[in-house]
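Each chain, letter by letter, is given below.
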Amino acid sequence: MLFGIEWDATNSWTLAVSIFPILLHGLWVTLQATVLGFFIAVVLGLVLAVLKAAPTRLVSWPTRLISEFLRDTPLLIQLFFLYYVLPEFGIVLPAFLTGAIALGVQYSAYLSEVYRAGIEAVPIGQHEAARALNFAPTRTFTHIILPQAIPRIVPAMGNYLVSISKDVPVLSVVTVLELLNVATIIGDRTFNYLVPLSMVGGLYLIMTLLAAQGVKRLDMALPKTGIPLK
Amino acid sequence: MNEMTWTDYLPVLWEGAWVTIQLTFWSTIFGALLSFAAGLGKLSSNRALRWLSVAYIEVFRGTSLLVQLFWLYFALPLVGEAIGVNLRLPPVVAGILALSLNIGAYGAEVVRGAVQAVARSQYEAAKALNCTRRQTLFRIALPQAIPEMMPPFDNLAIQNLKDTALVSLISLADLAMRAEQLRNYTQDSPTIYTLVILMYFGMALVLTALMRLLARGVGRWRPAGR
Amino acid sequence: MTEPIIRFEKVVKRFGDVTVLDGLDFTVAPGEKVTIIGPSGSGKSTILRILMTLEDISDGVVWVGDEPLWHEKAADGTLKPASEAHLHRMRTRLGMVFQSFNLFPHMTVLRNITEAPVHVLKVGKAEARERAMGLLDMVGLTEHADKFPYQLSGGQQQRVAIARALAMRPDILLFDEPTSALDPELVGEVQEVIRKLAEEHDLTMLLVTHEMRFAREISDRVCFIDAGAIREEGAPEELFTAPTEERTQDFLRAVLDDG
Numbered sequence: 001m002l003f004g005i006e007w008d009a010t011n012s013w014t015l016a017v018s019i020f021p022i023l024l025h026g027l028w029v030t031l032q033a034t035v036l037g038f039f040i041a042v043v044l045g046l047v048l049a050v051l052k053a054a055p056t057r058l059v060s061w062p063t064r065l066i067s068e069f070l071r072d073t074p075l076l077i078q079l080f081f082l083y084y085v086l087p088e089f090g091i092v093l094p095a096f097l098t099g100a101i102a103l104g105v106q107y108s109a110y111l112s113e114v115y116r117a118g119i120e121a122v123p124i125g126q127h128e129a130a131r132a133l134n135f136a137p138t139r140t141f142t143h144i145i146l147p148q149a150i151p152r153i154v155p156a157m158g159n160y161l162v163s164i165s166k167d168v169p170v171l172s173v174v175t176v177l178e179l180l181n182v183a184t185i186i187g188d189r190t191f192n193y194l195v196p197l198s199m200v201g202g203l204y205l206i207m208t209l210l211a212a213q214g215v216k217r218l219d220m221a222l223p224k225t226g227i228p229l230k
Numbered sequence: 001m002n003e004m005t006w007t008d009y010l011p012v013l014w015e016g017a018w019v020t021i022q023l024t025f026w027s028t029i030f031g032a033l034l035s036f037a038a039g040l041g042k043l044s045s046n047r048a049l050r051w052l053s054v055a056y057i058e059v060f061r062g063t064s065l066l067v068q069l070f071w072l073y074f075a076l077p078l079v080g081e082a083i084g085v086n087l088r089l090p091p092v093v094a095g096i097l098a099l100s101l102n103i104g105a106y107g108a109e110v111v112r113g114a115v116q117a118v119a120r121s122q123y124e125a126a127k128a129l130n131c132t133r134r135q136t137l138f139r140i141a142l143p144q145a146i147p148e149m150m151p152p153f154d155n156l157a158i159q160n161l162k163d164t165a166l167v168s169l170i171s172l173a174d175l176a177m178r179a180e181q182l183r184n185y186t187q188d189s190p191t192i193y194t195l196v197i198l199m200y201f202g203m204a205l206v207l208t209a210l211m212r213l214l215a216r217g218v219g220r221w222r223p224a225g226r
Numbered sequence: 001m002t003e004p005i006i007r008f009e010k011v012v013k014r015f016g017d018v019t020v021l022d023g024l025d026f027t028v029a030p031g032e033k034v035t036i037i038g039p040s041g042s043g044k045s046t047i048l049r050i051l052m053t054l055e056d057i058s059d060g061v062v063w064v065g066d067e068p069l070w071h072e073k074a075a076d077g078t079l080k081p082a083s084e085a086h087l088h089r090m091r092t093r094l095g096m097v098f099q100s101f102n103l104f105p106h107m108t109v110l111r112n113i114t115e116a117p118v119h120v121l122k123v124g125k126a127e128a129r130e131r132a133m134g135l136l137d138m139v140g141l142t143e144h145a146d147k148f149p150y151q152l153s154g155g156q157q158q159r160v161a162i163a164r165a166l167a168m169r170p171d172i173l174l175f176d177e178p179t180s181a182l183d184p185e186l187v188g189e190v191q192e193v194i195r196k197l198a199e200e201h202d203l204t205m206l207l208v209t210h211e212m213r214f215a216r217e218i219s220d221r222v223c224f225i226d227a228g229a230i231r232e233e234g235a236p237e238e239l240f241t242a243p244t245e246e247r248t249q250d251f252l253r254a255v256l257d258d259g
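Chains as they are written, first to last, in the UniProt record's numbering: chain A, 1 to 230; chain B, 1 to 226; chain C, 1 to 259.
No wet-lab data here; the hints were simulated from the structure.
Keep in mind that this is a model prediction, so the values were computed, not measured.
Fair warning: there could be bad hints in the mix.
[Stated by the list, open to error] Cross-link-like lysine to any residue pairs, in silico, SDA-like; alpha carbons within 20 Å at most: (1) Lys52/A with Asp188/A; (2) Lys127/B with Pro81/C; (3) Lys147/C with Val218/B; (4) Lys127/B with His119/C; (5) Lys127/B with Pro170/C; (6) Lys127/B with Asp171/C; (7) Lys127/B with Gly134/C; (8) Lys127/B with His86/C; (9) Lys216/A with Gly226/A; (10) Lys127/B with Ser100/C; (11) Lys196/C with Gly31/C; (12) Lys224/A with Pro137/A; (13) Lys147/C with Gly219/B; (14) Lys216/A with Phe141/A; (15) Lys80/C with Glu67/C; (16) Lys122/C with Gly134/C.
Can you make the complete structure from the sequences, with help from the hints?
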């Protein structure tokens, strides 16, 4: 029994049918962790991107190092670090929140690169034209550069959203009851890993294929000429 | 009992790091082979080969690595029982297999993309010289495509190194596992995890340097002009 | 009259809804040097690309020698679409020089020339190399044999591309606007090489160009094509000095004023 739902292990088919609602509970947790982690990554990534572009190297270089460090070290270790080390300093967070923060921190480094690449992809001529027209730097950024960068940035963000969902199972090591953790618990108790784990694979496949379609639609819907900000 | 200092941790952690290095090495090699096989398979004129490649790429990119690892380690033996074959994999085999299959699927898209990015005019020139499909691929397209694959391959190798930490969850004694064991023993998590995260970072820097060397090696194929 | 080496028979080529060649009839005699002129979009390059098998045809038959290019003769004498093996065999008779050279950027000049002879024609390496050096000598680039394409000027690259095409010993050589991508001061050296080829070889040459003076100098015959069919053809001095069709007159007036 899990989430108050019993399973029927008579055979593989009954097991599959009976655990489906339990897996959906796990899927719901996975989606929540994905969205919260993504939200943290979007905001933190923006901070990193701005600091990396800071005019003084005193700020930009350490930020680059931090960003590189976050990208080059395993999510699992970052998660353990937050989970075991923070309490030593009196910060005790629920496992779910710790997990979402770990996801957000790791992916903030990736997203900061997405922002940077999107902005750098706008041709230099656009900066020059804005300058020739005597636009103020902030206006150049918000009205000329950013609108043209958004169609490149948004689809890449979508892809990272999907990537985050595939990293959520790592959170099972700190007891978060996401989809994979639920499936392994069922496997441990019924000695049938094949059915729950295969179902998790299938659910992931459906989820990511749908998401990939969504990103593709989004990409096509965004005007390549840019999105003017009001 | 807690008389260990951080220098005492190092031999234990190094033992784990060595396992991590070997896992990274082998899964990167096998992953690269799979990348080319599936990436070129997806471009093949043979329909069966094309479908097989697409199915492989979609399944392994579309699901989570940890799910794949657990499936190979926990679920595959049950498939084996059902068909009367022993498919119980030792952790190291399951680990390398999952890592290679996963990274190979991502690498396959890199290979496909780079080969397709070779200018159409190059394929036309090869055709005008009457090169066969195979000759065009191996003599004209791949030499131009491989240098373009190197930056994304660098990222995938780092990804692979990071992913090896997950095999500790099927009881392989890599760096992440050693850290966990030490933590259980000493409860000194700040020191241990600081050391471990720095060791992973160090390995990543070395790996990047190696990939740069490799990129320079194949970069000789890339003309400076275009 | 000898049998034509190239014969287009009511050839139609459509790209989606656009008809580029509209029942084209066109022949070239062995050894003949023919220039195709016409406004852009008229289908000039498409004729060459069909011959090089880079584009297929929508209808009609193209003959090269006594064999159909895009078809094979079935046992009962009817024509069926060509197999890759047939196309491969037919391509051995043709060579092409592209507007943008299309040299292989990862190979030296010499490798660019020897690669196909060695691996497609299975010529020995030493022999291919010797012949390549001979061809480089002909285009005046022997000292650049070991350079990479990006180290050469556009004119030099195009001369290498001509040598590369000749190394395959084609019967028919196709030139698709060979000087259009070149800076004006480099056009002459490439034209010089083509002119020499035209004078000294019995190669059949088919040239698409916008350089009317050059067309006049090297061609046995000039064809004016517009809207997917040949509107007028004849010896260069006739066509350029006394075109009979109004469209030809308009076209020539426009391009000659330009130049």
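Evaluation of the provided hints:
1. Lys52/A with Asp188/A: 47 Å, violated
2. Lys127/B with Pro81/C: With Cα atoms ~19 Å apart, Lys127/B and Pro81/C stay inside 20 Å; holds.
3. Lys147/C with Val218/B: 18 Å, holds
4. Lys127/B with His119/C: Holds, at roughly 13 Å.
5. Lys127/B with Pro170/C: Given that 20 Å is the threshold and the Cα spacing comes to 14 Å, the pair holds.
6. Lys127/B with Asp171/C: 16 Å, holds
7. Lys127/B with Gly134/C: This hinted pair is violated, its Cα atoms lying about 24 Å apart.
8. Lys127/B with His86/C: Distance of about 14 Å is within 20 Å: holds.
9. Lys216/A with Gly226/A: 17 Å, holds
10. Lys127/B with Ser100/C: 15 Å, holds
11. Lys196/C with Gly31/C: 14 Å, holds
12. Lys224/A with Pro137/A: 23 Å, violated
13. Lys147/C with Gly219/B: Within the cut-off at roughly 16 Å; holds.
14. Lys216/A with Phe141/A: Violated, at roughly 27 Å.
15. Lys80/C with Glu67/C: 12 Å, holds
16. Lys122/C with Gly134/C: 18 Å, holds
Hints 1, 7, 12 and 14, counting from the list given before, are not met by this structure.
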